[in-house]
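Residue-level listing of the chains:
There are 2 protein chains.
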Amino acid sequence: MIQSTSAPSTPRATRGKFRPPALGDVQVGGFFGPRIDTIASVTARILLDRCVEAGMLDQIDPDRPGPGLRIPFQIGNSKCTTQMFWDSDLAKSIETAAYALYRKRDAELEARVDAIIDAYGRLQAEDGYLNSWYQRVDTKPRWSNLRDCHELYDAGHLIEAAVAYYQATGKRKFIDIMMRYADHIASVFGTEPGKQRGYCGHPEIELALVRLARATGERRFLQLARYFVDERGRQPHYFDAEAAVRGDDPADYHFMTYQYNQSHVPVREQRQVVGHAVRAAYLYSAMADIATEFADETLEPALEALWAHLTEKNLYVTGGFGPSPDNEGLTFDYDLPNDTAYQETCASVALIFWANRMLGLGPNARYADILERALYNGALTGLSLDGTRFFYDNPLESRGQHHRWIWHKCPCCPPNISRLVASIGLYLFGVADDEIAVHLYCDSTAELKLAAGTVRIVETTRYPHDGHVSLTLEAVPAAPFALSLRIPGWAHSAELLLNGEEVDVAAVTHDGYARVLRQWTAGDRVDLTLPMPVETVHAAPEVGADQGRVALQRGPLVYCLEEDDNGGKLNSLGLAATGGFVCEEVPDLGGVVRVTAAGWRETPAEPRALYSAMAPNRARAILSAVPYYAWDNRTPGEMLVWIRQEGM
Amino acid sequence: MIQSTSAPSTPRATRGKFRPPALGDVQVGGFFGPRIDTIASVTARILLDRCVEAGMLDQIDPDRPGPGLRIPFQIGNSKCTTQMFWDSDLAKSIETAAYALYRKRDAELEARVDAIIDAYGRLQAEDGYLNSWYQRVDTKPRWSNLRDCHELYDAGHLIEAAVAYYQATGKRKFIDIMMRYADHIASVFGTEPGKQRGYCGHPEIELALVRLARATGERRFLQLARYFVDERGRQPHYFDAEAAVRGDDPADYHFMTYQYNQSHVPVREQRQVVGHAVRAAYLYSAMADIATEFADETLEPALEALWAHLTEKNLYVTGGFGPSPDNEGLTFDYDLPNDTAYQETCASVALIFWANRMLGLGPNARYADILERALYNGALTGLSLDGTRFFYDNPLESRGQHHRWIWHKCPCCPPNISRLVASIGLYLFGVADDEIAVHLYCDSTAELKLAAGTVRIVETTRYPHDGHVSLTLEAVPAAPFALSLRIPGWAHSAELLLNGEEVDVAAVTHDGYARVLRQWTAGDRVDLTLPMPVETVHAAPEVGADQGRVALQRGPLVYCLEEDDNGGKLNSLGLAATGGFVCEEVPDLGGVVRVTAAGWRETPAEPRALYSAMAPNRARAILSAVPYYAWDNRTPGEMLVWIRQEGM
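Residue numbers (the working numbering), protein chains in the order written: chain A, 191 to 838; chain B, 191 to 838.
Possibly wrong hints are sitting among the right ones.
No distinction is drawn between identical chains; accordingly, a pair holds when it is met within one copy or between any pair of copies.
[Claimed, not checked] Subject to a maximum C-alpha distance of 25 Å in a straight line, what follows is the list of computed SDA-like cross-link-like pairs (lysine to any residue): (1) Lys207 - Thr699; (2) Lys503 - Gly590; (3) Lys599 - Pro515; (4) Lys269 - Gly437; (5) Lys503 - Thr793; (6) Lys503 - Thr521; (7) Lys503 - Arg798; (8) Lys639 - Asp215; (9) Lys639 - Ala712; (10) Lys503 - Thr530; (11) Lys599 - Ala441; (12) Lys599 - Met446; (13) Lys503 - Gly758; (14) Lys269 - Met446.
No wet-lab data here; the hints were simulated from the structure.
Please put together the full structure from these sequences, using the hints given.
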């Protein structure tokens, strides 16, 4: 079983509160190390360069002439432009730079970021307000259109950037600016008399405020985050009211329904993932955070139902979601077209955020399996191997027209995937008072702080190229603690050795994690072996386009055929009904395990006919597949994930 | 071979000029008879009712208060509304009513049409101008935006309606109005000094003027039609110039490129079908008319290349084209998705017009085969069996969400398919001075006028239910003439008897027509037998979505699976690799030949999993298919044309 469909077992609140490690706690090598190095040395600068080229510095720096409207109003009839959220694009680029600086000191990069922060310092209003669009371009009043204008969303990304930059450099200026702004926001929004009961059309500030609270220890930011989550979707509806104040007809809304921004009903009443994919997963991330931080069990029925709805009926095999470009989001159940799949890179990134936060209440493969699937496939494909080009939308089949962008008029994805990969160490572990969960396997060194003291773990593995993982606990506290190792859903068996002696995996595994609770000794070694045969994955019968076809998966990696290896017309190829797969590690594409398989190629009986009553001829062929994340890094051409299979 | 890909053989101009029969020449029974009766008794009234409900009469009748803007500006950023072409919708509804009246006298219907014509008479300006949008709603100058505003397109449909109404009723009022308007148009547009060198963004008036010329014998309308065809796409570009006059930036065009309206280059330089599908085929129809009427061979290279490009790379198996809703037209070669196929009903109708006119230079199955494919499938599906509901876009796969409309904010398709079916007699035959071509087979009686006299043909057939066709020539002229019988491309063999004696079909067949030239005798009988086994049709390997699948075709009819017969999840079904088809004529759906076949149904190994490493289980099943044109006339549900096949 690839997709966990089991309901969660024991009430999770009993397992304690799991939080990600701090930025400095994990040093990443192995598979992700070179990707992070590329971001540190190449991508972080490129992101800033392209933000500058777009005109973003002209917008935020009050000492420069304003940029005016650089990107025409264009989003439907809503008089919106992606320029409204330039602050967020710049913020995610700064966040990426922060992780890059943590990876590798770079005085020039740091100076560039400091200069941007200085400009934000000069831009910030007396009362703490800070939004370059409203302060420098738009003449409409602040907070007059929360539904469409991304004002709080911008604030959220600036907060996340400030937290990261503070953690990476120790410099307080940016986080101080943003705490001041957050306090201003708290003075404007809330349930208290005289405050507006607003919230953002694009969720983001909620999860950012939780990060700010965790980084600063200031619980008031958690309260504000909880307000935004709780208020969403209540009646009378805020977006109706603010439209009326603007003199607009609330019904004249380009996206027709508030499902688009998940404010159609209060969050605790939501059961189906709807609307814009990124907005959805950012909101659910915040809901999970609030559930963890406040031990608020009233959010769990919604979160569990939403998770089930997404993963059981609306998730691509690559871990992305949202098939439609029209709303950048959901349509109807099992609508998972391949060649037109939107599956925005940001949606996979957002799903990783959500899954990661669902692990806050305890390790559970129900969430970690999806996190891993989204990370290695739908998200990672968004960044070229050389760190210079980006995918926005991610089809699972291309007839040769789909290629990476240098930049995009809505450049949300490039810094989003970059900040994720650059901070991937935060996702490897979950840390509770007396338990360490290993969610993802990657060669790394971690120093993780339990209540009783620090655990130093040296992890050695070539994962995901092979499934051997060795963990040595170089330093341990004097008290017992649990080490919970994820047994991925794709692994049909697992072997676990503790200091060379076999552990009964089935006996110690709960919710997909093998849990070893003991008094550890420095030098203890755990060896986990996860067999990685190539699997042929079948989709549920409701997914029409995938029937008669299989996806190839090895470990967490979904594979694809590329024209570069197989020639064109990839739908003329098929896999033999039986027959082994050959796996070979090759240096191409940054080092991948190439999968080859026996199959066939069809040629038409009537070569020039568009339609023919004569069946095509078949000849034997060898099919050659590479990981989906690595596609479109060579000669541009066709690509195919769901491959025909004989007898299917 | 299903799709004719052969190049045209002998220069076609040698075969003479073939024109459709006149409206009164053919009495249709058989398959189409009941459909026409339904239009006459039901659809013609419904179309007028719905035009009235929409407000169209308020717009054309100067004695009523004007309707104002009833359909908001909405087409991209172009400040257009479908209300601009209400004249055309009403005109096609009048044209349908004309054919209905010819079929069955109906005083009430005729009085309603006369009242509309009277209103148009009152509306017509002193100088002959007639456009209800510009005269009654829009305040902008006439002829200020030919690119977007459909002014000449409206005129074209009114002309076609006037011709039909004159031919059906003998009343001259409408055709006189439209001749006056055509003369006014000729005074405004042309190459002479002082005239505007404009043409319409939506071709239509060109073919309408040819019809007007043929109906009236007035050659000046042919000249005007030729001017519009010749002028299109020349530089300096008229649409650039008129935009500048309006004060608009010509580059600020919602559809980006003049390929959208086929004015990107002069028509003789066009080689690829591009842009909006209906505009394209209407233009090519006019080009074929001009080629025929003026024996203009300079248009043929373009027409032949365009035909080949459409039929060899861009045609659905159902004879429709234009996959994309974005431009209601073409995208790139072999882009033929099934579940999102736009394949507008009007595009299939327009292709029938074009194919019909390509037959003007002589019978050739290269055109007639496509005409028949489009007629019985992509076009006919647009009209419900009861004549009350309509398809606008026509996917080849539906997951249950696609159903017929009562009406549409752009109601072009309902009267278009209705006028086509109601006038189908015009498409059965092509008539030259000394030759009759039988393009389509249908139970009918025809009186066709050759140079030497009239031929009366009584055709008896149950086509397309079976392939036996019997023609008795009840009256013949004293001079020899040729009877050319189409041998459809789908027929792998054909038997032809002349007065009971076998004719060597291969020996007399040229360009797909068996041609019998002789001195005929009254009472001569020709029997043609076309075997109709069920064929499995394979698509070229470039059409990715169709690989591993087949379409079922019997005679000219493409079949589909419907949920009503097969249960849901149609992509879980497949056809056995071998195994006969059972054909059974049933009374359902107005009388169809149902096709059943041995196959299987898959059920997932893990019922609730979205993805599974376990292959599904297969159980034997019988698949039951009905003609595509008849789908969505029962319980709403799924539909599928391209069916999985074992071993494919």
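The hints, checked one at a time:
1. Lys207 - Thr699: This pair counts as within: shortest intra-copy Cα distance 19 Å, inter-copy 83 Å.
2. Lys503 - Gly590: So Lys503 and Gly590 pass the 25 Å test across copies only (17 Å; inside, 28 Å).
3. Lys599 - Pro515: Both: 15 Å inside a copy, 23 Å across copies.
4. Lys269 - Gly437: both (14 Å within a copy, 23 Å between copies)
5. Lys503 - Thr793: between (35 Å within a copy, 16 Å between copies)
6. Lys503 - Thr521: Within one copy, since 11 Å is at most 25 Å while 30 Å is not.
7. Lys503 - Arg798: Classified as between: cross-chain Cα gap 9 Å, same-chain 40 Å, threshold 25 Å.
8. Lys639 - Asp215: Within one copy only: 9 Å inside a chain, 94 Å across chains, cut-off 25 Å.
9. Lys639 - Ala712: Within one copy, since 15 Å is at most 25 Å while 105 Å is not.
10. Lys503 - Thr530: This pair counts as both: shortest intra-copy Cα distance 18 Å, inter-copy 20 Å.
11. Lys599 - Ala441: So Lys599 and Ala441 pass the 25 Å test across copies only (19 Å; inside, 28 Å).
12. Lys599 - Met446: For Lys599 and Met446, both the intra-copy (24 Å) and inter-copy (17 Å) Cα distances are at most 25 Å.
13. Lys503 - Gly758: So Lys503 and Gly758 pass the 25 Å test across copies only (17 Å; inside, 31 Å).
14. Lys269 - Met446: both (15 Å within a copy, 21 Å between copies)
Figure legend: structure checked against the earlier numbered hints; every hint is met.
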